[in-house]
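Protein chains: 2
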Amino acid sequence: MPQGKAVIGQSGGPTAVINKSLVGFIKEATKSDFDEILGARHGLAGMLSEDFVDLSNLSEAQLYGMGKTPAAALGSVRKKPTDSDIEQLVSIFEKQNIRNFFYIGGNDSAETANLVSEGAKSIGYDMKAFHIPKTIDNDLLETDHCPGYGSAARFVAHAFQGDDADNRSLKGIKINVLMGRHAGWLTAASTLGKSTEEDGPHLVYVPEKVFKIDEFLKEVKEVYDSLGRCVVAVSEGIHNEEGEYFLQTYASETGSGLAGKKDSHGNIQLSGSGALGDTLTNIVSEHIDGVRVRADTFGYLQRSFLADVSEVDAEEAERVGQHAVVASKEMQSGSVILKRQLSETYSCDVDVVELKKVAKHTKDMPQEFLDESKPYVTNEFFEYAMPLTGGIEPKTQIFV
Amino acid sequence: MPQGKAVIGQSGGPTAVINKSLVGFIKEATKSDFDEILGARHGLAGMLSEDFVDLSNLSEAQLYGMGKTPAAALGSVRKKPTDSDIEQLVSIFEKQNIRNFFYIGGNDSAETANLVSEGAKSIGYDMKAFHIPKTIDNDLLETDHCPGYGSAARFVAHAFQGDDADNRSLKGIKINVLMGRHAGWLTAASTLGKSTEEDGPHLVYVPEKVFKIDEFLKEVKEVYDSLGRCVVAVSEGIHNEEGEYFLQTYASETGSGLAGKKDSHGNIQLSGSGALGDTLTNIVSEHIDGVRVRADTFGYLQRSFLADVSEVDAEEAERVGQHAVVASKEMQSGSVILKRQLSETYSCDVDVVELKKVAKHTKDMPQEFLDESKPYVTNEFFEYAMPLTGGIEPKTQIFV
Chain A
1 MPQGKAVIGQ SGGPTAVINK SLVGFIKEAT KSDFDEILGA RHGLAGMLSE
51 DFVDLSNLSE AQLYGMGKTP AAALGSVRKK PTDSDIEQLV SIFEKQNIRN
101 FFYIGGNDSA ETANLVSEGA KSIGYDMKAF HIPKTIDNDL LETDHCPGYG
151 SAARFVAHAF QGDDADNRSL KGIKINVLMG RHAGWLTAAS TLGKSTEEDG
201 PHLVYVPEKV FKIDEFLKEV KEVYDSLGRC VVAVSEGIHN EEGEYFLQTY
251 ASETGSGLAG KKDSHGNIQL SGSGALGDTL TNIVSEHIDG VRVRADTFGY
301 LQRSFLADVS EVDAEEAERV GQHAVVASKE MQSGSVILKR QLSETYSCDV
351 DVVELKKVAK HTKDMPQEFL DESKPYVTNE FFEYAMPLTG GIEPKTQIFV
Chain B
1 MPQGKAVIGQ SGGPTAVINK SLVGFIKEAT KSDFDEILGA RHGLAGMLSE
51 DFVDLSNLSE AQLYGMGKTP AAALGSVRKK PTDSDIEQLV SIFEKQNIRN
101 FFYIGGNDSA ETANLVSEGA KSIGYDMKAF HIPKTIDNDL LETDHCPGYG
151 SAARFVAHAF QGDDADNRSL KGIKINVLMG RHAGWLTAAS TLGKSTEEDG
201 PHLVYVPEKV FKIDEFLKEV KEVYDSLGRC VVAVSEGIHN EEGEYFLQTY
251 ASETGSGLAG KKDSHGNIQL SGSGALGDTL TNIVSEHIDG VRVRADTFGY
301 LQRSFLADVS EVDAEEAERV GQHAVVASKE MQSGSVILKR QLSETYSCDV
351 DVVELKKVAK HTKDMPQEFL DESKPYVTNE FFEYAMPLTG GIEPKTQIFV
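Those protein sequences? They're chains A and B, same order as listed. Per this note's numbering, residue 1 is the first one in the first sequence, and the count goes up by one each step. Per this note's numbering, residue 1 is the first one in the second sequence, and the count goes up by one each step.
Where hints are given, some of them may not hold.
Since the list gives no way to pick one copy over another, a pair counts as held whenever it fits inside one copy or between any two copies.
Said to hold, decoys possible - Below, computed lysine-lysine pairings styled on BS3-like, alpha-carbon distance capped at 25 Å:
1) 212 x 357
2) 5 x 329
3) 171 x 68
For the record, the hints were derived by calculation from the structure and aren't laboratory data.
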């Protein structure tokens, strides 16, 4: 098969280490014999408009700087390709002699790689297509975990350690809203910095369980009555039995002005807004008299904070990018995954699975990671997640 | 004068390094000849209820752990003492033979120390009273800057570096709301991680200037039209010419449901809520068609994030705590300040001024730190603030 050019793009919400995957890819690709190494600006959008940048001649210093920078160095995009997009894309690839497609992203990106692969096959154009995983949501199938999650989890764990100390200092009820529409992985990470039962967060609400406001209020009040304070972690995606977001149903039931805004796709906007935190704050304030209630929505800091990256996550992110190139020499297509090794100390190998196995679907937290009796996580989750963060030092010498 | 016991308390909003001041105090106090070293839980509240903890026998490991922990290890309080509180306090001090009062906090704490000093004098009780400065708001008079600010500024600068990279990746308008009711010091720190003109934040709105929504919209649109994106830093305390908070006036003028909540003192609640960010987001969305607009409110993370502390700030915080004890051997009362030295490399000495000079009032950013022609800061601000953060490495190897 002719070698041809390689193209890489980044897609979806950025992470703190997504550029590490790009660096890993570039380093391996420059050692390889691709005719050219192209980066597409803003993922699919740049590929369709042939907006490419040459990645062949970056200096070590440039690669180092890029690897230290969060968010997508090539720009990102939120775009699911239509049939005609794929047709156009393959024809551009053919015209440019691009025979190696790499896409860094979540399950939608795996699906895009799959569509590119099938599209090329259908017109008899010989090309390779690989998906490189990333997402702070940690919700991809097949892989043990997703590059990007470890750093986001580290940020969240550290943020809760500090915020819990703050809550001890001035008391009251503190609600922190975390990213995660469908899965509670990042919200669960709020527990990783706890040293004792009395440390916050005391309650953890994830989308894997149905959210009931009455139970929430009862549980918050119980902790508050017992400790004189309460720190709560809430996923932005909490929902009712029908799967409707709390913010949506609460707003329509109450006509509350705090209702969530809809984005351009008509989806309720959960991130980049404090609406859920403020709504919960108002409800708790009405329910528990005279208590100081505050909410913070951690927002984009979770995925972009550059000063507290997990070294384990950074290393793995680079490795999956590198491995995509290695795999492309041996097979036609695939999604790179991380496989945890059975040993005393934590380690992961890289491997490749079929694109279809990763495309489209998402992975919730398994039942064994969630406490059955209360809104909280289990030790099994702790053991799973802690190594990914690079380790969270226990804290706090506090007298109150 | 009889030596007697010493008591220390912490007051107001915690910081990432307020416990460093406590550690500095304890280390010096244990070398001293106080009869006993007491910590008051929750500041004035604990002193009035005689809720003390013995600080004389902490191990090096305990002091180290405490110094690494953000927020008030003794607990904090928001309380301005009444005349009868002061009377009661002095009588407790007399009963317990407490002759050395130390209070870590902002301008209210300096005032409390002053009232304690005067109250003791008025009944002829011989005691010392010292204020140890802290506040992320950086708004105390006399001192070059306030312990706590450097770390908060570092967090904010790093957060904007990451968030700016994120905004480059997915474009749109991003509004970040920062702490600061009366002064824009922390909001101004958002600029400290910028490498080029094109980096965000592009616009910085501080309470030192009157906020006009029409000008804001015009300025945001100009940047967006020119760069295809815009990152904005906004102080929570932006206000109109009458000094009324924007959130307050906008809500009453428009009847908007996003109006800020009032706290137990009837003040509009600015922190622990996303109301200002969401309100501005809605206004910008209505004004500029089809653009992606998001807001984050950095909230308590600014003052409590333990994984990104300024070493300079931490060292100075410890030094002001220590110096309060040293000063108490030489004079009757005072507020510890930091004095910047004139030299090539940054350094600060410690000194003491009269409590009255620090009490009650706050310090806005001086005119020379604010750009006259646009909502932005000057190089003079940069030179002032950068050393306090411990240094912010320039970033970003980005292609879009």
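If you check each hint against the structure, which ones fail? Hint 1 is the one this structure does not satisfy, whereas the remaining hints hold.
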